[in-house]
Amino acid sequence: MRRLAARRNNDLSFDDSNTSIKLENGSSASFSINGALSSDEQKLYQNINKTKLSFYDLPPQGEITLEEFEKWAIDRLKILQEIQSCISRNKQIKEIATIIKPQLQKLLPTTSATPDAFLERKKDYYSHYILRLCFCRTKELRESFVRSETLLFKIRFNMLTTTDQTKFVQSLNLPLLQFISDEEKAQLGPQLYQTASPILQFQLNLNDEQQRKAFFARERYIKLPFENVIELVGNRQVFIKDGFAYLAQFQQLNLLASEFSNNISESLIKTFQYIPRLNEDDRLLPILTHLSSGYAVTDFDQNDGQYGDNSDNEINAESVWSPDIMKHYPLSVKYLMEGLKRNHHLRYNGRQQLSLFLKGIGLSADESLKFFAKAFTEGGNMTMEKFNKEYRYNFRHNYGLEGNRINYKPWDCRTILSKPRPGRGDYHGCPFRDWSHEKLTSELQKMNMTPSQISSVLDSCTKGEYTTANTKVFEFTHDFNGSDPDINDQTLIAHPNLYFERSRQLEKKKKEVEAKIKGTM
Amino acid sequence: MSSTKNNGPSPADMEYYYRQLYPFTDIFHWLNHSNGEATKDMTHREFAMAFRSGAYKRYNSYNSIAEFKSQIEKANPDRFEIGAIYNKPPRERDSILKSEMRALEKELVFDIDMDDYDSYRTCCTGAMVCSKCWKFITMAMMIMNITLTQDFGFKDFIWVFSGRRGAHCWISDKRARQMNDLQRRNILDYVNVVRDRSNEKRLNLMRPYHPHLLRSLDLLKPYFANVILLEQDPWANDENAFKTLLTGLHDKNLVEACRKYWTENPYRSSSQKWTDIDTLAAKEMKNTKRHAEYILKLKECKEDIILQTLYPKLDIEVTKQTIHLLKAPFCIHPATGNVCVPIIKGFEPEQAPKLLQLQQEMTENNDNVKETSLQKFIDHFETFVNQMIEHNEIEPSKKREYDDLLK
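Here the protein sequences line up with chains F and L, keeping their order. With the UniProt record's numbering applied, the first sequence corresponds to residues 1 to 521, in that order. With the UniProt record's numbering applied, the second sequence corresponds to residues 1 to 407, in that order.
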């Protein structure tokens, strides 16, 4: 294990000023044993751990390895990106919570009992602070980071038990939480109830008037300048009088969230100002730059080699042309197939993108050769002999049967976006980035999408959120009825093969459900 | 000579106005938040000038009353607009990095334009305005005044006639001036209830109404019968009734019944139609068992319609951003020649002095501004500015109390 401090006599630590980073020269730092925590660290994370959630107002302590540095940052980034993509697809917080909970369990759990809890807290702390470094550089990055972190905070707060929530709020010692007296509450009773009633009904599902009245009678109110809960002002979810907003206790998460996001915004600006003073060059900066430069992460790469389940041999040289299979292709693949059909040829990048995609859905090496041989020669411009001489090696190479014998993976969206942009006669690339809005619109119309759906997709394209655009297309063209998270996986699609697999699975499940219904009738 | 065509003032008229009549001192004190020395509130304030050629010159700023007057006089714009207070004097903008220019403060502003009432306005169209349709604006100002005072606790705001058919509200309270864009947006969302201006969709507001909406409804209800049903009578036009009245109802069968009845009996007046709905609803109700619920739903729809017609319709762009510019009070509207005067009690557009008329009055009174019809508006503005400055000066102690609450 490479230790940070081992390579240089520098100790990377986050100092007390909360955001700055100081590098101490000299070897005064005491090294802890691998994986263990120093007593200072223990104390920090223990304090934090009492409340299971934090405002990250104390900087992390102790050492981590470069591997941990990158791994932890990526794990958190995956979650933030998922949240980001949900936000741009206009998901409600409840839906987002359902979507990211499984990932949260896997990547940033906060559930284990001690002593693992220390490490979990450490990872949470470090990953948050590392990403602060990544996302402090521009206003856009800062805003998007604050938005996602705040939403993550809200989701985690809601996952706590009521006792833990109360503990957490008390631990913050926020002085502006001043409760109004019973007299004042009685005086403003009608207005306060009038404001709260629809929120109790629609957010807390208290459909019975008596229930709502009982809830209201128990509820305590906080009085504060309306600026502090400005978003609740905009939604008319608080009663306002003489410049003060009256916030019901059950709404205080909004207040905490706005406090949380203000803190982080301020800290990010400080971090940004401190970065030039960070006497750091070749170790961390490349990682930071890499992470902040639109690094798209996908879990789909984790399966090696075979992606699709082809046990029933449904995927073969013939079937990949069939409408039954074609309808599950994402737009980029449809376009490659179209180009292949028209020209009986694809240039190098197009060949790679398509053949590796097909490999990913379960097309075997033999079937792949059969497929491309037929596609290339049936136009009459190419003989079998020429195909074998010039292209056979290429396709076999992709399956690891030639040369270095590397088992190449299908390209994910990030790889596709990193290749040279398509020129005339090229069919590779990403339709959401490379096509004109006119062409994209007409193609999406063919898929029976409504004008408002299309404009929402184009909107994401304009913002450069190509995977979000693709995910939107998936959602608009596939029904989501089941609440079963297995069927109704709504995470971001950042891999063409994921699009295919999800589309096919959804169809299979639907058929099963239909069969069941028929069976019972 | 195109100016004679639309009755607007000539460049010479404008020059005369700036030289003789425009109350530069009052405007300066207003934006300076003090009667004394020029503060950053004034010297870092952006002014933009609009010329009849269509040219628009942004990022001007002035250090003194004399400079303010002489520069405007010299440039002689058609009108000029007021923007934000920046961290640096806006006129030095070219010599500093763009990223270093930051808007710090500006009055919170609202803009109400008659255009947005066109679905319900029958007395006039387009740029025309009369005392009948001005009532829309008067009611909007009434609702806004109560909301700004009672809800947000603002004290120092003034309404200014836009020169043709609208009104601008300038709120000078320190707390309002210091709002960031997010806060402005949310204040706007709070007061902006009727968002869809085509009025072809049901408002469908949540029940019970937020206290602000309930109060607004109570205030507007008494005017609805007179102003909408009798005076404007917008739904005598059957097409318009289908498009903007029936769309507000909740029950499809009721909508169809009304449509059928009004097609067979065309040109029934708005108040007849308003009662027709109840009559036809009584018949529809027989098809359902839940009478109480049906009646309640219908009542709610009618309440929504009252808000839809009379509740203030705001131009959102003006309010949203700190840096947004808005025409200064007392400018001349280039097309009408009206002075954009502060709105006093009982104001109607035809009471706004016209530049041509003011010139005549000046000639008759030996160039004494005090004798012109402009003076009472200047007096009103001065009273407002002095009061605002007084509040601004006693503010520190108040402010501490407020800061204590914040922190």
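Don't read these hints as lab results, they were simulated from the structure. From a predicted model like this one, the values you see are computed outputs, not experimental measurements. Even glycine gets a Cβ: it sits at the ideal position worked out from N, Cα and C. Careful: at least some of the hints might be erroneous.
[Stated by the list, open to error] Quick partial rundown of chain L residues pointing at chain F, CB under 10 Å, derived from the structure:
1) R185
2) H212
3) L213
4) Q351
[As the list claims (entries may be wrong)] Computed cross-link-like contacts, BS3-like style, restricted to lysine-lysine with a CA-CA straight-line distance of at most 27 Å:
5) L:K74 with L:K354
6) F:K91 with F:K518
7) F:K463 with L:K243
8) L:K345 with F:K213
9) F:K241 with L:K345
10) L:K286 with F:K91
11) F:K223 with L:K155
12) L:K320 with F:K463
Now for the hints, and whether the structure bears them out:
no., hint, in the structure
1, R185, "7 Å, holds"
2, H212, "7 Å, holds"
3, L213, "8 Å, holds"
4, Q351, "33 Å, violated"
5, L:K74 with L:K354, "22 Å, holds"
6, F:K91 with F:K518, "33 Å, violated"
7, F:K463 with L:K243, "36 Å, violated"
8, L:K345 with F:K213, "43 Å, violated"
9, F:K241 with L:K345, "25 Å, holds"
10, L:K286 with F:K91, "41 Å, violated"
11, F:K223 with L:K155, "21 Å, holds"
12, L:K320 with F:K463, "22 Å, holds"
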